[in-house]
Every structure is written in structure tokens, then in C-alpha cells.
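With the hints as a guide, dock the two chains, each given alone in a separate frame, to form the complex.
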Amino acid sequence: MNLAIITIYLLSILSALLTGKTTAAGNAVMEGVQEALLFAPRLCAALCLWSAVTELLERGGAADVLARLLRRPLSLLFPKGAGDGETLSALTENAGANLLGLGNAATPAGIRAAKGLVRIRAGAELNTLVVLNTASIQLLPTTAASLRASLGSVSPFDITPAVWLTSVFSLLAGLMAIRLLNGSRT
Amino acid sequence: MKALAQLLVPLLVAAAALAARMHGADIYEAMTAGARKGLLTLWSILPALLVVFPMIRLLEASGLPELLGAVLRPVFRLLGVPEETGLLMLLRPLSGSAALAAASELMQRHGPDSLIGRTAAVMLGSSETSLYVIAVYFSAAGVRDDGRALPAALCADLTCFLTAAWVCRLLWG
Numbered sequence: 014m015n016l017a018i019i020t021i022y023l024l025s026i027l028s029a030l031l032t033g034k035t036t037a038a039g040n041a042v043m044e045g046v047q048e049a050l051l052f053a054p055r056l057c058a059a060l061c062l063w064s065a066v067t068e069l070l071e072r073g074g075a076a077d078v079l080a081r082l083l084r085r086p087l088s089l090l091f092p093k094g095a096g097d098g099e100t101l102s103a104l105t106e107n108a109g110a111n112l113l114g115l116g117n118a119a120t121p122a123g124i125r126a127a128k129g130l131v132r133i134r135a136g137a138e139l140n141t142l143v144v145l146n147t148a149s150i151q152l153l154p155t156t157a158a159s160l161r162a163s164l165g166s167v168s169p170f171d172i173t174p175a176v177w178l179t180s181v182f183s184l185l186a187g188l189m190a191i192r193l194l195n196g197s198r199t
Numbered sequence: 168m169k170a171l172a173q174l175l176v177p178l179l180v181a182a183a184a185l186a187a188r189m190h191g192a193d194i195y196e197a198m199t200a201g202a203r204k205g206l207l208t209l210w211s212i213l214p215a216l217l218v219v220f221p222m223i224r225l226l227e228a229s230g231l232p233e234l235l236g237a238v239l240r241p242v243f244r245l246l247g248v249p250e251e252t253g254l255l256m257l258l259r260p261l262s263g264s265a266a267l268a269a270a271s272e273l274m275q276r277h278g279p280d281s282l283i284g285r286t287a288a289v290m291l292g293s294s295e296t297s298l299y300v301i302a303v304y305f306s307a308a309g310v311r312d313d314g315r316a317l318p319a320a321l322c323a324d325l326t327c328f329l330t331a332a333w334v335c336r337l338l339w340g
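Quick note, the sequences are listed as chains A and B, same order.
Mapping of the first sequence onto the working numbering: position 22 corresponds to residue 35, and the numbering continues sequentially without gaps.
Mapping of the second sequence onto the working numbering: position 144 corresponds to residue 311, and the numbering continues sequentially without gaps.
Next comes chain B alone, as it looks inside the complex (with noise of 0.2 Å):
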């Protein structure tokens, strides 16, 4: 079983080649495809990593988190979520790539497999970018919004965060 951990990349790789190919699919073309698309995905991020990292790394310089901390560290307690999370809870719903670009700061800073950084990878992997994604159906569908979509996706994304920083505690804490 350990072994079958380890090897769960190539193993993946493997599977979905195999599929793939049952449905008559060119592999190394559709692999070439898809290498492109993360070139594609890294070009499209890359600037927000290049503007929301030194922000972060200022807002962390500044000594705002300790001034701020006092007063909102009870509240972070009181709800188990780790306090450095709370910029990328604050980012999530409005960019996806800064969302991204912060939960990977967390990532670096603390490391991949800290508290902080699977808390902070969980809130990244189940929630979207709630704000874009009402914009596009509504203006997609030809319809107005009719103000339940936003206070609902909202309270999806809170109940996320909570959840995330729960689970993690309980699993890694």
C-alpha cells in the first residue's frame, strides 16, 4: 500500500494514458496539449504572483500583523483558524491568481507540510473564485442578478474557510 502511495504520480500518468488511448486518443500529442495549457496557466499567473508577493511580504514587514494581531488574534483563537490565513480568506473570493499567489506565500513561509500551509492549501483546493464566477453566469445567462447568489456563495466560502482550518487541526494539528 506504501508502495502504491509513492507511486501514485506515474501510476496516475499511467491510468489515464491507458484510458486515453482506448478512446483512440494520440497520447503524446494530448500530453504536449496539456504541458502547453500549464504553460499557458503558469503565463496567466505569473503577474499576480509578481504583484501580490511583495505585497504580502510588506504588509508582513510592516509589524501590522502584530499591531493588528492583538485585537483580532482572540477572534482567530476563539474560531480555530490560524491567524495567518487571514489575508488569503480576505483574497479568495475577489482573484483567483491572488488567492493563489498567497496561499503559496503561507506555503513557502511556513512550509508545504506545516499546519499553516495545509490549512492554507485546503481553503486554496475547495473554494473558487466566488465573486468572477457569479459575474459570469449571471451576465452569460442575460439575466440580473436577483441578490441570492453573492450572500449564498459568501456563506459557502465562510462555512470553506471554518471547515478547512477545522479538519486540519484535527488531522495534522
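Looking at chain A on its own, in the form it has when it is part of the complex (with noise of 0.2 Å):
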């Protein structure tokens, strides 16, 4: 992030002395604060209501439903793993709290199972679990969709089918990557 910055304002500034846009390169740095602040109420009010129903649907248990349906796909997944009871517990903790958008609830849980997977020695299905959590699979995607409302749009869950499909393809990619750098070097 540090090197991005930097690159970005020199990359910037040459580039506004090559092509002459001095002027207005000079001003975007402060009328991009000023968009930040006058966007920010707007996002604000999609955050709050969505971070109440998200709190409503964790109060109403719907985690640990998931967790339950989770069980047996995260077994193949985790062939190691869910042979311990308490790992496994914490893996489909983890899930469940993705798949409902519970960032906060998510990352206990799964650093659970992390230390779990540690100590019953199936250290290969770490890489399994970050890529699991790293492939963010949401049944809604509320941050996205609290952006999309912020900013007027006709109906901001609309592009949710979409998530899914590029959320499991990505997510197999991952999987996939991991099976053949596994392979390659044991």
C-alpha cells in the first residue's frame, strides 16, 4: 500500500507535466476529499441497515444453521480437520459467519480452526482454510449492495447472482491452485 501511494502521485504528477493538465491535476486532490466527506452520510445509511439485519439474523440463530448444512461439504473439504469434533466446529462456525457477511464473527472462529488444524498436525489444510475465507462467498452482498444504494441504484442486490457464480469460481481456482502447489512439492 505504501509503494502504491507513492507511485501513484509521482506517476501522477509526471504524467500531468507530460500531457499539460497541470490545473487540473492541481485541484482533484482536494475535490476527491471533498467527494469522500459528501459520500460518506450517503454510505452511512446503507451501513446501519444492513448491520442491523445482519445483527437480527445472527440473534436469530441463522449461523448456526448453516453451520449444520455446512457440515458434511466442509468434511471433504477437510478430511483432516473434521475428524477433530472441536475443528470441525469451528470450520462450519466460520463458514456459516461468511456466508451471512458476520466479519466479525468469521474471524474468531476460524482462527479456531487454524489453531485446531495446527495441533492435529494437518497443516496443509491451513492453505485450504485462507483460501476458503479468502474467496469471501456471501448469500447477500451487503457491502456491495449498501455502495450500490448509497449511490441511486434502481435495485442494488441485482448483481447478488453474479456474486455467487464469480464467488465459486473463484473459490475453485483457489481450491484447485492449492491441490496442484501441494502436489508439486510433496
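Hints may be right or wrong, so weigh each one.
Computed far set for chain B versus chain A, every beta-carbon distance over 12 Å [to be verified]:
id	residue
1	P241
2	V242
3	R244
4	L245
5	L246
6	E250
7	E251
A few chain A residues facing chain B, derived, Cβ under 10 Å [as the list claims (entries may be wrong)]:
id	residue
8	I26
9	T32
10	G45
11	Q47
12	P54
13	A58
14	C61
15	G74
16	G96
17	T173
With a straight-line cut-off of 20 Å between C-alpha atoms, the simulated EDC-like cross-links for lysine to aspartate or glutamate are [stated by the list, open to error]:
id	chain 1	residue 1	chain 2	residue 2
18	A	K128	A	D97
19	A	K128	B	D313
20	A	K34	B	E233
Calculated directly from the structure, the hints in this document are not laboratory data.
Idealized CB from N, CA, C, for every residue including glycine.
So this is what it looks like as C-alpha cells:
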């Protein structure tokens, strides 16, 4: 991130000098800050609404229901981890919270699962857990939809099927990559 | 069906409230607690918005995209990915809040219902801050990263971006 910021600023200055767009570039920085501030209250409305709904879902036990449904598919992904009851329940809790977009609940469960995998010497499955968590499969893409809603989208959630499809493909690619990398080095 | 889709938000709130009530939760208390979390989320991403928005504005105004575009456009065209999403894709694995800011900027400028806006939303919604996730999990588990998680996660991210662009073009292009 540090490198990205320095590179972008220096390249922009250089490019503004080359293209002669120095006035526009000079004003752009301040305009950007103002736009960020104007955007914040609109984003806030959508974020608060969805946080309230996910809080209700969490207290309604939706994560537990999902965790129960996920037991079997996760046992296939983590053959060693599933052998340990404690680890399996942490894994299902992590995946259930991820599906609901409950990042605050997903991380502690995921960390417990990671520790469990190490304890039972299933370190290779730790990579699978990480890939599962970086692929971000969500039932409702609340953050992306909140952004769209705050910018006046007609139906903010209509991207949901596209998000599902994309997450599934990306998860499959990640799992295949882990498989290939494991195969090449063991 | 159309009426139901239009009533999606109140329906979801009602369903979630009923489920919570059946589990004996105090609905009002839960909703205000949730709203408080929303405020905290905004508070935690606002600094990133304030840093990333001006950066993107400067980049756009400097004419660099046009200069680079001549070189990169054929590559993006070939892959079928809108070239405007280049910066978002670059920031996504590095920083969650910076990516959120970059995606918001794209949606704001091109419209949330435009092809570019939708592509940005799908890219954002179906990926995670891979570097952060990897760091958190390996340090919490107390083991050294064996060097496989990062390439696998980046491979997943790349697949995510390409699929997002293709699916959006197919559905809304």
C-alpha cells in the first residue's frame, strides 16, 4: 500500500506535466477529499441498515443453521480436520458466519479452526481454510449492495447471482491451485 | 413477483426480526446494536475514503490513464475486462478499505447501474483482502506460511476479476 501511494502520486505528477493537465490535477486532490466527505453520510445510511439486519439474523441463529448445513461439504474439503470434533465445529462456524457476511464472527471462529488444524497436524489443510476465507462466499453481498444503494441504484441487490457465480469460480480456482501446489511439493 | 422484489428490504427486515424474536432476542436492542456497528464500520473506513478518493481523482485528472491506456487497452480488451477497474483490481488484495473506496469512486462516476459500476460491485463483493487474511490466519495459528497460500489466493482473485467482468458483460453488457 505504501509503494502504491507513492507510485500513484509520482506517476500522476509526471503525467500531468507531460500532458499539460496541471490545473486539473492540482485541483483534483482537494475535490477528491470533498467527494469522500459528501459520500460518507449516504454510505452510512445503507451500512447501518444492513448491520441492523445482519445483527438480527445473527441473534436469530441463522449462522448456527448454516453451520449445521455446512458440516458435510466441509468434511469433504477438510478430511483430516473433520476428524476432530472441535475443529470441525470451528470450521462450520467460520463458514456460516462468512456466508452471512459476519466478518466479526467469522474471524475468531476461523482462528480457532486454524489452531485446531495445526494441533492435529493437518497443516496442509490450513491453506484450504485460508483460500476459503479469501474467496468470500456470501449469501447477500451487503457491502457492495450498500454502496450501490447509497449511490442511487434502482435495485442494489440485482448483482447477487453474479456475485455467487464469481465467488464459486474464484473458490474453485483457489482450491485447484492449492491442490496443484501441494502435489508439486510433497 | 415484482412487488415482492420491490419490497425486498422491508421483507428481509421483517423476516430477520421474526427469526430473532423466536430465539428470544430483544429486537430493538439488536437492531440498535447493529446500527451502532454500521456507524463504527463507517468510522473505520472513512479515513481510507479520504485518502483514496483524492488519489484516484489525481490519477484520473493527470492524464495517466490515457497515456497508459494506449499500451494497456489492448490487453484489457483481449481479456474482456473494463480498463477502468484496473486500479480496483490492484488494490483489492492489499487493502479492504482502499478497494472499497476505489469501487465507490467507480460507481459514483460511472453510475451504480452502469456496466462498469456493476463490474466494480461484483469484483468487490466476491473477493477478500487476501494479504490480510493470510497474515491473520498464519500468525494466529503460530505457523510459518509455507508459500502456497499467497499464490493460491492471488489465483483465486484473478479468477474472480475475470469472472466478474465476463458475467457482468453477459448479463448487463
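- Query: For the pair supplied as a hint, A/K34 and B/E233, is the alpha-carbon distance within the 20 Å limit?
  - Reply: holds (12 Å)
- Message: Please verify that the nearest CB of chain A lies beyond 12 Å from B/L246's CB.
- Response: holds (15 Å)
- Query: Does A/G96 pass the interface check with chain B, least Cβ-Cβ distance below 10 Å?
  - Reply: This hint is violated: A/G96 lies away from chain B, its Cβ roughly 18 Å from the closest one there, beyond 10 Å.
- Task: Would you settle whether the hint for A/I26 is holds or violated, based on the nearest Cβ-Cβ distance to chain B being less than 10 Å?
- Result: holds (7 Å)
- Item | When the least beta-carbon distance from A/P54 to chain B is tested against 10 Å, hint result | Because about 9 Å separates A/P54 from the closest Cβ in chain B, which is inside the 10 Å limit, the hint holds.
- Query: If you take the shortest Cβ to Cβ gap from A/T173 to chain B, is it below 10 Å?
  - Reply: holds (8 Å)
- Is the nearest Cβ of chain A still more than 12 Å from the Cβ of B/L245? Check passes; 19 Å lies beyond 12 Å.
- chain A versus B/R244 - minimum CB to CB distance exceeding 12 Å, so not interface: Answer for B/R244: holds, closest chain A Cβ roughly 20 Å.
- Query: Does the claim that B/E250 lies off the interface hold, with its Cβ farther than 12 Å from every Cβ of chain A?
  - Reply: holds (16 Å)
- Minimum Cβ-Cβ distance from B/E251 to chain A exceeds 12 Å: holds (15 Å)
- Message: Given a cut of 10 Å on the nearest C-beta pair, is the interface hint for A/Q47 held or broken against chain B?
- Response: holds (9 Å)
- Checking the smallest CB distance to chain A, is B/V242 really beyond 12 Å? For B/V242, whose nearest Cβ neighbour in chain A is about 18 Å away, the distance exceeds 12 Å, so it holds.
Consistency note: the structure conflicts with earlier hint 16 alone.
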